[in-house]
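Participant: With the hints as extra help, turn the sequences into a complete structure.
6 protein chains.
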Amino acid sequence: MQNLDVYISEILAEDLGPGVRDVSVFSLGNASERIAKGRVVAKSDGVISGLWLVEKVLKEVEKFSRPVSMFLCPARVEYMCKDGDFASSGTLIAEINGPVGTLLTSERTILNLLQRLSGVATLTRSFVEAIKGSKSQILDTRKTTPGMRSLEKLAVRHGGGMNHRFGLYDMVMLKDNHITAMGGKIKSAISNARQLVGPTLKIEVEVANLVQFEEALNTDVDMIMLDNMTPSEMKKCVEIAAGKVPLEASGGITLESVKKVAETGVDYISVGALTHSAKALDISMKISF
Amino acid sequence: MQNLDVYISEILAEDLGPGVRDVSVFSLGNASERIAKGRVVAKSDGVISGLWLVEKVLKEVEKFSRPVSMFLCPARVEYMCKDGDFASSGTLIAEINGPVGTLLTSERTILNLLQRLSGVATLTRSFVEAIKGSKSQILDTRKTTPGMRSLEKLAVRHGGGMNHRFGLYDMVMLKDNHITAMGGKIKSAISNARQLVGPTLKIEVEVANLVQFEEALNTDVDMIMLDNMTPSEMKKCVEIAAGKVPLEASGGITLESVKKVAETGVDYISVGALTHSAKALDISMKISF
Amino acid sequence: MQNLDVYISEILAEDLGPGVRDVSVFSLGNASERIAKGRVVAKSDGVISGLWLVEKVLKEVEKFSRPVSMFLCPARVEYMCKDGDFASSGTLIAEINGPVGTLLTSERTILNLLQRLSGVATLTRSFVEAIKGSKSQILDTRKTTPGMRSLEKLAVRHGGGMNHRFGLYDMVMLKDNHITAMGGKIKSAISNARQLVGPTLKIEVEVANLVQFEEALNTDVDMIMLDNMTPSEMKKCVEIAAGKVPLEASGGITLESVKKVAETGVDYISVGALTHSAKALDISMKISF
Amino acid sequence: MQNLDVYISEILAEDLGPGVRDVSVFSLGNASERIAKGRVVAKSDGVISGLWLVEKVLKEVEKFSRPVSMFLCPARVEYMCKDGDFASSGTLIAEINGPVGTLLTSERTILNLLQRLSGVATLTRSFVEAIKGSKSQILDTRKTTPGMRSLEKLAVRHGGGMNHRFGLYDMVMLKDNHITAMGGKIKSAISNARQLVGPTLKIEVEVANLVQFEEALNTDVDMIMLDNMTPSEMKKCVEIAAGKVPLEASGGITLESVKKVAETGVDYISVGALTHSAKALDISMKISF
Amino acid sequence: MQNLDVYISEILAEDLGPGVRDVSVFSLGNASERIAKGRVVAKSDGVISGLWLVEKVLKEVEKFSRPVSMFLCPARVEYMCKDGDFASSGTLIAEINGPVGTLLTSERTILNLLQRLSGVATLTRSFVEAIKGSKSQILDTRKTTPGMRSLEKLAVRHGGGMNHRFGLYDMVMLKDNHITAMGGKIKSAISNARQLVGPTLKIEVEVANLVQFEEALNTDVDMIMLDNMTPSEMKKCVEIAAGKVPLEASGGITLESVKKVAETGVDYISVGALTHSAKALDISMKISF
Amino acid sequence: MQNLDVYISEILAEDLGPGVRDVSVFSLGNASERIAKGRVVAKSDGVISGLWLVEKVLKEVEKFSRPVSMFLCPARVEYMCKDGDFASSGTLIAEINGPVGTLLTSERTILNLLQRLSGVATLTRSFVEAIKGSKSQILDTRKTTPGMRSLEKLAVRHGGGMNHRFGLYDMVMLKDNHITAMGGKIKSAISNARQLVGPTLKIEVEVANLVQFEEALNTDVDMIMLDNMTPSEMKKCVEIAAGKVPLEASGGITLESVKKVAETGVDYISVGALTHSAKALDISMKISF
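Chains as they are written, first to last, in my numbering: chain A, 7 to 295; chain B, 7 to 295; chain C, 7 to 295; chain D, 7 to 295; chain E, 7 to 295; chain F, 7 to 295.
No lab work stands behind these hints, which were simulated from the structure alone.
Even for Gly, the Cβ is constructed at its ideal location relative to N, Cα and C.
Some hints here could point you the wrong way.
Keeping only pairs whose Cα atoms sit at most 30 angstroms apart, straight-line, the calculated DSS-like set for lysine-lysine is [to be verified]: (1) B:Lys250 <-> C:Lys49; (2) B:Lys292 <-> B:Lys69; (3) A:Lys43 <-> E:Lys69; (4) E:Lys69 <-> D:Lys193; (5) A:Lys292 <-> A:Lys49; (6) A:Lys181 <-> A:Lys193.
Label-pair ranges, simulated between beta-carbon atoms [said to hold, decoys possible]: (7) E:Glu221 <-> F:Ser263: 36 to 46 angstroms; (8) A:Ser95 <-> B:Asp233: 50 to 60 angstroms; (9) E:Glu239 <-> F:Lys49: 20 to 30 angstroms; (10) B:Cys79 <-> A:Lys193: 26 to 36 angstroms.
Facilitator: Right, here's the structure in full:
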């Protein structure tokens, strides 16, 4: 998602087709210009994310709508919440005033964005709540929806989580296969990597057991990922590390297991489910005249 | 997602950044060219969708990888499944042979696509299974992931479902707000719509109760959506319609409730959850040398 | 033509080149900023289409013009007609006020669009007029100018015609080759197609003679195209169909023959010439200071 | 039309929609992979242009078709003509062998391109034939189809014409408005222009009468356009110029009037109708198995 | 650089990455919205070029910045210079007022553009000054930075130079290899070229010695390039040409040698170094609160 | 430069224009297909960078060339050097065999890329050589050519340098203005930043004097930039830091001063001139038949 305007234009194109027409709104004829009010309302409890996209979708739809009606009255949005707010079921999130055609054409795209991103924010918040009181922090992963990574990473922050690396480009992560490819030794793998990528990037290494962990700790690695360890193994790692380097727990962590993981004292807990398995938050738009 | 090559290029760009570099693979130096085998394996039971994208991702990654290594050996894929196949946990789905750098750089993008699409196909299949024996068919909706609609609609077919309209452009759908905007009468709304959109598109109308249903039935509408009706209301509609026009049940239908809905005799059951709330299917890539 | 702004930008790029300069306007130096009036005038009788694009072209040209003159006065348009209006020769269609450089640079692009689209609208109106009083309606085809389909389909509506399908995506059309490929039987072809595409799309079938016609009528096809039939054959089809399904006449129909076709009682008459052989309507821009 | 691959992709997108599917071919199921032969045949006499695009369209369609059928057999083209050849009605122009689905999906796009471009080439040839024996040459104008200028200019060459400037960027053309804006004097307008655009571009000036013509001749202009003059006025200009500078006749010249214009001895005759009012050449694709 | 908005968006994308975030500005939290003043100041003497891009960069950055802060105050620019002005070291060129985050994010992109383009303008001016009093004019070449040709050609004009051809498309240039490929004769090469490209483009021919020069002079070529000749050879050419056709000196001309070249009386002197070896002009942005 | 293929296509478009034609090659007619050999030769000593782009340019040109000649023989490249090699003047770098038209059309684009990138690599190598024997390493900056950052950063590596951050997205850099905006205290600025950006990115802080340096050293910053300090100040910083954190010298460092800077013992020396003021390396293509 390099350029947000291009992205919004692409997802609308997906809905409007190359003829750029909402045939249902087109069926309304001039009635599509009647001014209506669209009330965006949460239908279950959750954290809102994606509100800042609402106006962008409306702007794009207005561009597309021009042929139907030459001087279309622009829609206006009033926000009752902001991204990151918790909304209980029934909360009015935003109100859009404009031609009913504009509202109807943009409704599904706005809701698809808001529901998915708020779903991510809400699930993140559940994880954050589950470990409240611990010193651990919830991180996302790269297991994001293709095309929506930066939006979903923003949703994670709205839910109270922190971001892990954004891509393959902003941190070195050496997993078992990287290390095997480089000959199997963690220490030399890390020093080779440092030599090649220069001084500006952090290097994290993934370890699967205590032997590897101690080998990793004995280097100037910047972060260590404890992959699929049991809580007791993690706890041992935390003790051995003694704060020398930040530790990240990773691997199939669920809402049920996350508290146990946090109690081991790891600094970070990364959770793929935040983005790959969040359910959409139920949000609807009620239109009235 | 107008052009698939552009889409694949964009989602890789999201992961590789403008410097177009996987800094972890870059850290391997020449070791990134070692030939390895990547085994794509299902880690839980499900229906596979998205396999046809694997080679496209690899081709794109190879383009991006060129600066590192001028004459990179191309990766090759062997498929053990095809899209739409059911794979039980542990099934080898595909095997990729190529430089380890190519495998590592493409791994997450391939899995993000496969996991999400297979999640959609798998959830679809659950719904299809749940109503087996009935004459109803499961339909998707427009509640898809922004940017992935056509891929997700293909996944729905892989899971045994059928597709509802692809967008705002290929069928007229008159909901309550459309009808209100046109004056409130279903009959005149439909004939106005037919006059404006011409003869090539079907018109579906949404009704919320029996009064509206009978009003709709009394027109030459092509399909009627029963919105949030109870099973007993739906059953009455089915009886009254007597096959004159296809009926679609819609509104918050779950795996628990779907069988009851099918038993009413409706022709189609549309389920937003297929695409807005499917969990990723667990699939991994095991790399070995 | 997915995104209209991109389209306008591309057709201007075609005229301005990668150096983005109108060398003739550049030759004017500061004189290019003198305010002038451009009067867009019909030079022969016809139906206007494309007026809504005029401002978009001017906006794009103003973006391109910026380097020459940092704070260029924006051009403004006053419309004396609207799309779909009939203008007799000499009619003032619109008046543009702005820097003469902006007018000169945009003149040809504006006229190329207006002339072509108004040509389509005008030819459509001739066909519509030719069958006035009949119950038939004029339809366009997919024989449009590559890149301009949606604009030309809008022009057809401005001329009083209706739109046939917009592309390969919004209606199933089974021609002889489709049916041959599926084994040669119309009935089974249609039921296979319905099974595969689901309930949302209409299916039209092309027939070339009465035998095929009766076979088609005996299915639940949504529309039948009578391909290159004689008026007397068509008339027979109309009688046999007796309103059961809409009929479309197609194949080399001209302004001379269209009335005879309409008299057969077919519902729709599709005419490729509307878009593939319309002559540009003569429209000019007169600039004065 | 900056990049031809992008252009072909865009015009196919227009036909295939964002779901990228030909629903009629999709209806064929596996039958869409049956190998067929498509014979591209001229249905009236004309000059062929656009053959070089046929393979590009097929390549693009094959990309789009991949999801339906993972390992689609590629189509192959054999050419019986080349661009610029005259084909009499009934001539086999090219033969395409490949899956019937590929042929059906690409048929209309191929024909839309071939028919329009061959229409331009054919009309050009008529003008060229009409002045055979004279020393004049037929030029095109900038009155081209938006988005297709370079293709149409190539078609003009295929028809035996020559190209006028390609856009606003490759020649200075001073019309009455340019000269008025610069103060009204042709001589100073041309010397100002030469000073500003540098030495690499030709400057042409438009004149409407003999007084302006003599004023223009008295400068170092590179070409003079005689705008809407009568043949006798043009003849006088030719005599006065005496070969000092090339002369171009312009303004509403038709197939009927062009010979008279050529007889005046002008060097070039520019004809907007070549591109703005050419009728499509009738070409069809016959598919057989 | 077809479309400037796309170009600006691309170069910002290069700096901001697919996550579209300036992590340093992001680190400021709400402090990024504090209003600050950015003073753009010349740090050495030179000719300014590129000022017209400053606002475009800011506009683009503001689009990108939206997610961080929903209603960001837009930045405003006041210009103390205009493109083409000479600024001595210490001169205040422009002042930007706006949120410090906007200023910090756009600072480097603005300076990279301004410094490079002003470097080109400044070097051009040095060449122009070096030959002051002569009748020769300084031309640029096609040896420009890939992607920036039109901006650099504008910078050359700001420095007082003139532009040679913009690309391969707006002038014919026959070098030794072209002539060899066509059989080795300059005269026939030129007449063939004229026949093929039509009347609208100038033809320049490159000659390396007096024999070739006299052969070229004996044609109706529009300009002759004297390639790597000594000043005395050039002088002889000037005498022989006697103003019949413009002459261009070319080949490794430096600030040291250019005066000697100008004294030969050639009309134009083209200098590749203007664009391929200009040093960035030192310009900085000082931010204060 | 998100997608290299798009970039190459864009820079060729800049040279070929929307008509996509090299009018000089077009002038050759069929002679443009004669097979020729292009010898790419270094004309002065330097480090080569950009060779991997040569084939990509040729591939793109061949796409563009298709209309002229339907079945163009593809060009082939043989490499005598590889990127990063030092070539002395006269060295044959690569040899291209193919149609002379392809060679002539691609010549300038290939050379513009090679010359600029090799210029960067060569200047980098001079800096690396100048500090040979010291423990310091040469870093680049973000002062790159807009649109070419990743290519130039690769060139820096070919010249023996290391890369600083690639953009605003992969490292936090707190300069004086960032710290002022956050209240002026380095320590709190760094801990705020760490809290906001999460654990994956390094934080560097810029200091201008010893007081600031000691304040910075007293935090857990990952790198410290010594901005415009004198060698003796730097030396003091090196002593105080005692290896605790990497130090980077920055600010107007030249080939003359770099050795003195290296002798202070700083870890890294960043040099903007590597990319903003490198002169093109002289490279030419000699064509023969």
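Participant: Compare the structure with each hint and give your call.
Facilitator: Now the hints, each set against the structure:
Proximity of B:Lys250 to C:Lys49 is assessed by CA-CA distance (about 54 angstroms); at most 30 angstroms being required, the pair is judged violated. With a C-alpha separation of about 23 angstroms, the suggested pair B:Lys292 and B:Lys69 falls inside the 30 angstroms cut-off, and the hint holds. For a cut-off of 30 angstroms, the pair hint linking A:Lys43 to E:Lys69 stands: about 27 angstroms separates their Cα positions. For the hint linking E:Lys69 to D:Lys193, the alpha-carbon distance of about 48 angstroms lies beyond 30 angstroms, and the restraint is violated.
A C-alpha spacing of about 11 angstroms is found between A:Lys292 and A:Lys49, which places the hinted pair at or below 30 angstroms, so the restraint holds. A C-alpha spacing of about 13 angstroms is found between A:Lys181 and A:Lys193, which places the hinted pair at or below 30 angstroms, so the restraint holds. For the hinted restraint 36 to 46 angstroms between E:Glu221 and F:Ser263, the CB-CB distance of approximately 54 angstroms leaves it violated. A C-beta distance of roughly 20 angstroms is found between A:Ser95 and B:Asp233, which places it outside the suggested range of 50 to 60 angstroms.
Under the hint 20 to 30 angstroms, the C-beta atoms of E:Glu239 and F:Lys49, about 22 angstroms apart, fit the expected range. The hint said 26 to 36 angstroms for the Cβ distance between B:Cys79 and A:Lys193, and at roughly 29 angstroms that hint holds.
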